[in-house]
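Participant: Protein chains in written order, with numbering that gives the first Met the number 0: chain X, 0 to 237; chain A, 0 to 261.
Calculated directly from the structure, the hints in this document are not laboratory data. By construction, the Cβ of each residue, glycine as well, lies at the ideal position given by its N, Cα and C atoms. The reader is advised that the hints may include incorrect statements.
[Stated by the list, open to error] DEER-style ranges, computed between Cβ atoms:
hint : chain 1 : residue 1 : chain 2 : residue 2 : range
1    : X       : V99       : A       : Q126      : 22 to 28 Å
2    : A       : S151      : X       : F55       : 52 to 58 Å
3    : A       : A91       : X       : V99       : 43 to 49 Å
4    : A       : G125      : X       : W93       : 24 to 30 Å
5    : A       : G125      : X       : G222      : 36 to 42 Å
Each chain is listed here by its residues.
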Amino acid sequence: MDYFSEGLTKAVALLLALDPETFSAVWTTATVTALALATSLLMGLPLGFALGHFRFPGRRFVRLFVDWMLSLPTVVIGLIVYALLTSRGPLGEWGLLFSVPGMAFGLTLLGLPIVVSMTATAVESTDTRLTQTLLSLGADRWQLLLATLIEARFAMALAAATAFGRIVSEIGIAMMVGGNIKWQTRTITTAIALETGKGEFATGIALGIVLMLVALVVNLLVGLLRGRSNGHQAGGRA
Amino acid sequence: MSAPLYQLRGVEVGYGEASFAASVATTVATTVAASVLNVPELAIARGSILGLAGHNGSGKSTLLKVLGFLLTPHAGELSFDGRLVDAAALRAGHLLRRRAVLLGQDTCLLKRSVAANVAYGLRLRGQPASQNTLAEALALVGLDFAEFGPRSWRELSGGEARRVALAARLVLKPEVLLLDEPTTGLDRASVGHVQQAVLAARQTRGATLVIASHDVDWLKSCADTVLHLEDGRIVERLGDRPGGHSADHLGESPGVYGVERT
Chain X
0 MDYFSEGLTK AVALLLALDP ETFSAVWTTA TVTALALATS LLMGLPLGFA
50 LGHFRFPGRR FVRLFVDWML SLPTVVIGLI VYALLTSRGP LGEWGLLFSV
100 PGMAFGLTLL GLPIVVSMTA TAVESTDTRL TQTLLSLGAD RWQLLLATLI
150 EARFAMALAA ATAFGRIVSE IGIAMMVGGN IKWQTRTITT AIALETGKGE
200 FATGIALGIV LMLVALVVNL LVGLLRGRSN GHQAGGRA
Chain A
0 MSAPLYQLRG VEVGYGEASF AASVATTVAT TVAASVLNVP ELAIARGSIL
50 GLAGHNGSGK STLLKVLGFL LTPHAGELSF DGRLVDAAAL RAGHLLRRRA
100 VLLGQDTCLL KRSVAANVAY GLRLRGQPAS QNTLAEALAL VGLDFAEFGP
150 RSWRELSGGE ARRVALAARL VLKPEVLLLD EPTTGLDRAS VGHVQQAVLA
200 ARQTRGATLV IASHDVDWLK SCADTVLHLE DGRIVERLGD RPGGHSADHL
250 GESPGVYGVE RT
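So that you can see chain X by itself, here it is in the shape it has in the complex (with noise of 0.2 Å):
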């Protein structure tokens, strides 16, 4: 047990400290994170709506791709990744592969399918009976599509808090992406695993702190905006 309180007592002196290698790999979390976060969001709200929305040809099967999608392990995106952007890959020239942008393409593919499939998820429960009082009122398609999203805002926030959770504390994609370079593309998650590897269980135990605190936010974020959106669900018909 030694071993484990010397290093949490070490951790919490380097956290104290601003430790600039410990918060190099928050900061590069943060900016990977973000630029995932964004992309999937910007992309997957309008595709998410648009699954959710409209019957079209082959909709089931780009459901049951998204779904796939959702399910598929790390590390197996993180070698399609790798594959793509790799020198001799179709993406090569790039210059993708061991960069911050590009372990953020790497992310998006998983946050993408969250936020697609969630956001498919809450426009499909919005009641059909939302759609024809829109209609009625005047709304021309694209402020269908603004007030159908905003009518299912809670709901799209907890696709959006879950995205986050899954993007940053993943490793696979950020190592074989990111290659785990000190400085550039080191992050908590994989940081964490150099750490430990080397025995250095302060350095560990410190960025596991913050991911233990950034999953306790987003959990609470979560248990939140699922509150409220199954409170929104609940009533209030007319």
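Fit chain A to the supplied structure of chain X, relying on the hints for placement.
Facilitator: Only chain A this time, still in chain X's reference frame:
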């Protein structure tokens, strides 16, 4: 005599084939291909009140949705204001729906305040939604703006929500107001408010009203024409007399409207 506002010829709707608001590519997910509405000929004059009576499932709501451009007939012709409502016209269907506004049978409010709900249609049209405008609309249905305006949609009873939904239509001052059971679920005092507000739309602005209701006495008293629908077909037609029918007059046709059918 001026041209009718609506002209329907051979209009048929079968739920298996009908498209719901085709302009937004949303289709009704039903499997029954049976015809639920079959109207060989119907003209609705501008500024008139048309009453629709009939059992549940007789086609009243379907006809209202067709008139509100929310349901595209799979056969026949529908003209509005002298123009054929075809696929091209429905590509800008929102422009038609802004002229003919429907209050559906099962209205749902937006997850916003009462004031925001009433203002919503005005905002869609880029029109100002001043507090006075919203207060006037709510007053028409017997609701006080100061008390109800800031309330959340969740804090309303079913009857209050129904009246808010009606206020959200009245505030738009549409050419055509299509009302599906506007007084269902309301207490007696609220029914009076709603009926008054609806009729005022014609008296003050000359709006065309189409009202589906089980309250046959009300339809008898206010409508210029009352159609009785059964199985999607018009089986009886009363009047074409502006100003509505007196109860005495309708009493001369026993068996048609003498008994309220619910």
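Participant: Hint by hint, note whether the structure agrees.
Facilitator: Here's how the hints hold up against the structure:
no.: 1; hint: X:V99 - A:Q126: 22 to 28 Å; verdict: 47 Å, violated
no.: 2; hint: A:S151 - X:F55: 52 to 58 Å; verdict: 36 Å, violated
no.: 3; hint: A:A91 - X:V99: 43 to 49 Å; verdict: 46 Å, holds
no.: 4; hint: A:G125 - X:W93: 24 to 30 Å; verdict: 43 Å, violated
no.: 5; hint: A:G125 - X:G222: 36 to 42 Å; verdict: 39 Å, holds
The earlier numbered hints that this structure contradicts are 1, 2, 4.
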